[in-house]
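*Asks:* The numbering used here puts the first residue of the sequence shown at 9, with every later residue one more than the last.
The hints are simulated quantities; they were obtained by calculation from the structure and are not laboratory data. Careful, some of the hints might be misleading.
To be verified - For each label pair, taking beta carbons as the anchor points, the in silico distance ranges come out as:
#1 R142 with K61: 28 to 34 Å
#2 T17 with D141: 29 to 35 Å
#3 A140 with I42: 41 to 47 Å
Said to hold, decoys possible - 27 Å max Cα-Cα, derived BS3-like pairs, lysine-lysine:
#4 K68 with K135
#5 K44 with K61
#6 K61 with K71
#7 K136 with K44
#8 K68 with K44
#9 K45 with K68
#10 K45 with K61
#11 K71 with K44
Don't be surprised by glycine CBs; every beta carbon is placed ideally from N, CA and C.
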Amino acid sequence: MAQTAMSETYDFLFKFLVIGNAGTGKSCLLHQFIEKKFKDDSNHTIGVEFGSKIINVGGKYVKLQIWDTAGQERFRSVTRSYYRGAAGALLVYDITSRETYNALTNWLTDARMLASQNIVIILCGNKKDLDADREVTFLEASRFAQENGNSCSWKPVH
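Use the sequences and the hints to build the structure in full.
*Replies:* If you want it as structure tokens, here you go:
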């Protein structure tokens, strides 16, 4: 087991990216996962933000280093340098924004070219609370996942 200065022990360490266009709610997702609190007010990420969390998976402690990347085009060259060595990525789009969905292919290409060869990518349609304003159907997102080599399962979040 590895041990950090703050006496956090873990069996495995994985680098995980949160990627997608600006305004999709990537920082809010990260905050919710790490702090278990919803963050109503979030400014656009400049460059990269970082968080970590240790989770228990099958009796093993896994430390996730989570890198929240800026979604603005002007930071794209900076954030690409953080892809190296990533084991996984959360590919986020806003269900109320067709533009963010249409950009997924570019983000997916970056992840596959710049991260680990066997990177695991999870597609996440965010802002379910705004379902009345939905521009991207679940069927479209499922099709995107299947066409890009990812299976897609659905479990409602309450």
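*Asks:* Of all the hints numbered above, which does this structure not satisfy? Sort the numbers upward.
*Replies:* 2, 3, 4
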